[in-house]
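Colleague: Read off the chains here:
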Amino acid sequence: MSSDVTLGSTVRSEWIKFRTVRSTIMGVAITFVLTIGLGALITLAVRAHWHSMDPTRQLIFDPVSASLSGILFAQFAVGVIGTLFITSEYSSGSIRTTLAAIPNRLELVWGKLIVLVASIFVVAEIACFITFLMGQAIFSGVVPTASLGNSAVLRTVILAGVYLTLLSVLGFSLGLILRQSAACISVFTSLLLILPIIVFLLPQSWQNTMSKYEPSELGHAMTSVTTPGNDFGTWTALLILTIYVVAVWGVGTTMLIRRDA
Amino acid sequence: MIKIEHLTKRYDDTLAVDDLDFEVRPGVVTGFLGPNGSGKSTTMRIILGLDHPTKGRATIEGKRYAELRDPLHEVGALLDAKAIHPGRSARNHLRALAASNRIPFSRVDEVLEFSGIGSVADKKVGDYSLGMSQRLGIAGALLGDPGVLLFDEPVNGLDPEGIRWIREFFRSLANEGRTVFVSSHLMSEMAVSADQIIVIGRGKFITQGSVDALTASAKGSVFVRGANHQQLLAALKAHQGVVSELNDDGLSVSDLSSDQIGQIAFDAGVALYELTPQRASLEEVYMDLTADAVEYGSTGARNE
Ligand SMILES: Nc1ncnc2c1ncn2[C@@H]1O[C@H](COP(=O)(O)OP(=O)(O)OP(=O)(O)O)[C@@H](O)[C@H]1O
Ligand SMILES: [Mg+2]
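Read top to bottom, the protein sequences are chains A and B. With the numbering used here, letter number 238 in the first sequence gets 238, and the count goes up by one each step, no holes. With the numbering used here, letter number 145 in the second sequence gets 1145, and the count goes up by one each step, no holes.
Among the hints, a few may not be true.
[Stated by the list, open to error] Quick list of the computed label-pair ranges, beta carbon to beta carbon: (1) Val246(A) x Asp1159(B): 34 to 40 Å; (2) Leu193(A) x Arg1057(B): 45 to 51 Å; (3) Ser1106(B) x Met134(A): 56 to 62 Å; (4) Ser1254(B) x Met255(A): 28 to 34 Å; (5) Ser1172(B) x Asp260(A): 46 to 52 Å; (6) Glu1061(B) x Ile198(A): 53 to 59 Å; (7) Gly1116(B) x Ala45(A): 30 to 36 Å; (8) Asp1288(B) x Arg19(A): 52 to 58 Å; (9) Asp1159(B) x Met134(A): 56 to 62 Å.
[Unchecked claim] Derived, one-sided and incomplete: chain A residues facing chain B with beta-carbon distance under 10 Å: (10) Ser9; (11) Ser13; (12) Arg19; (13) Thr20; (14) Val21; (15) Pro55; (16) Arg57; (17) Gln58; (18) Ala101; (19) Gly111.
To be clear, the hints were calculated from the coordinates, so they are not data collected in a lab. Owing to the predicted nature of the structure, the values given are computational and were not obtained by experimental measurement. The beta carbon of each residue, even a glycine, is placed where N, CA and C say it ideally should be.
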């Protein structure tokens, strides 16, 4: 590469930008609150109603995914963090200053991606492990619990953090394409909430084949110890979701390189 | 040095820059002048590699911006002072910028002090006045101690003290041998702060030269008062003189020098009482040059 501006200095610069705005700090705080707080509420509710639960449902009850249910809400927080990391540059106009300092646009995208993935991965894993351990502590004595000593359980908790990290990259990639916070957040929310509703309106046979491809359903498959319903297996779900995110990221990066800033 | 070669930029149906061709030399302040919408900002964005030209190219010391090894060390730019994340402090903004080009943080403190915003460096940029933002933008442009500097309408929002400060600052940058390229839509501003001026209109090159040369090249007129204005008028017209005004007081004549007019009047046998060359002001030169190129000119304002 002809530029003296290396990936290392780009990462350093983007890391300063990432951590010096309130939206990131707020986003991270909300991620913790949603993952852990909702995890606590849901596990407490399960514990309270455990004895009145249908025995067949008790049998298939997954204490791991139950303790991780907060990620269904935290996924929006990390999506917004990812989106704002790029769209705030467009809304303020600072993208031009950024690109004047780092003219290699591919390098800029990599720099931002490294900062985002590393930060969200750490935050999400911490949140997921806390909510898991807290959930099991709440269950103990009443509801069957899971232990991290079981490799399938450990894998599921780790993949919950991976799921959140992938969704933050999805938010970021939509930001590269749409450049506008509100539009990105609408599309992001639609993919996770509206898409399942649309699929639900289709004939049953279509539903069965299509619903497992929904991002939210893939997340469900990734964060369950046992494979629920007709979902994909854990690793297939991870692979498909990764392909989605990489595809959107590829389109976004190409657009950043081709378009005027 | 900045070199613009056959630069053309089309946005959908707008031809923003139309085959521009000029050079911006080091050691002087070069004003980039044109009415609103004439393509100044577009040209600057292309120089910085932000917008892709439709045709032609812009180079800095022979290289395209994307090829610069260390962009902030070679080029400093201030395009839009308000284009900074409002929630970040000035110091953090500059530190992120410095980190990207491996500039030490001590340099951040230096440029903050120099620009006069050292005492407010930890406040959120969103709370800055436009003038403070301009100073922050200038601090950012100076960060890498570059040899080429671009400023897009830098005096907007500055108070008279700030305007004087910035003029002297441009002058000192040029005296240090740097290339200083400053855009404005106000001739009066450029007349005092620039040495060289490049004028464009509707994306097209109009003229280039020193402030003095531009004024000198202007079509001045000559005011003439004599014994018989009608007879004088006929004689002047016979010699391709253009009489722009005629009343009881006298005539305004252009396209002829006062020497020629004196001779014509003498040959025609008309006694002259007054013969006064009237130099056009630089402002008038500019209005004249860009009259056809005003994109958003108000129709009323152009009727004298
Ligand atoms: N991104 C864009 N998309 C479409 N048209 C654009 C874009 N940027 C500029 N233009 C158009 O190109 C022309 C030149 O605009 P530009 O901003 O370069 O002018 P300017 O000389 O800087 O004007 P001003 O003095 O108002 O700043 C205008 O007609 C403008 O509307
Ligand atoms: Mg402009």
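Colleague: Does each hint fit the structure? Answer for all of them.
Modeller: Outcome of the hint check:
Under the hint 34 to 40 Å, the C-beta atoms of Val246(A) and Asp1159(B), about 52 Å apart, miss the expected range. Checked against the hint of 45 to 51 Å, the C-beta distance between Leu193(A) and Arg1057(B) comes to roughly 48 Å, which is consistent with it. At about 46 Å, the CB distance of Ser1106(B) to Met134(A) disagrees with the hint of 56 to 62 Å. Taking 28 to 34 Å as the suggested C-beta distance range, the pair Ser1254(B) and Met255(A) does not conform, at roughly 54 Å.
One distance hint, 46 to 52 Å for the beta-carbon pair Ser1172(B) and Asp260(A), is violated here, with the actual separation near 34 Å. Checked against the hint of 53 to 59 Å, the C-beta distance between Glu1061(B) and Ile198(A) comes to roughly 56 Å, which is consistent with it. Under the hint 30 to 36 Å, the C-beta atoms of Gly1116(B) and Ala45(A), about 59 Å apart, miss the expected range. In this structure the supplied range 52 to 58 Å holds for Asp1288(B) paired with Arg19(A), their Cβ-Cβ distance being about 54 Å.
A beta carbon spacing of about 58 Å between Asp1159(B) and Met134(A) agrees with the range 56 to 62 Å that was offered as a hint. Given the 10 Å rule on beta carbons, the hint for Ser9(A) holds: about 5 Å separates it from the nearest Cβ of chain B. Hint status for Ser13(A): holds, given a least beta-carbon distance of 4 Å to chain B, under 10 Å. Contact between Arg19(A) and chain B, as hinted, is supported at the beta carbon level, the nearest pair being about 9 Å apart and thus within 10 Å.
Look at Thr20(A): its Cβ gets to within about 4 Å of chain B, closer than 10 Å, so that hint holds up. Contact between Val21(A) and chain B, as hinted, is supported at the beta carbon level, the nearest pair being about 5 Å apart and thus within 10 Å. Annotation: Pro55(A) was flagged as interfacial toward chain B, and the flag is violated, the nearest CB pair being 54 Å apart, outside 10 Å. Here the hint on Arg57(A) is broken, as its CB sits about 47 Å from the closest CB of chain B, past 10 Å.
For Gln58(A), the interface hint is violated, the least distance from its beta-carbon to any beta-carbon of chain B being 49 Å, above 10 Å. The beta carbon of Ala101(A) comes within 4 Å of a beta carbon in chain B, closer than 10 Å, and the hint placing it at the interface holds. Using the Cβ-Cβ criterion of 10 Å, the hint placing Gly111(A) at the interface with chain B is satisfied: the shortest such distance is roughly 8 Å.
Against the hints set out earlier in the document, violations occur for numbers 1, 3, 4, 5, 7, 15, 16 and 17.
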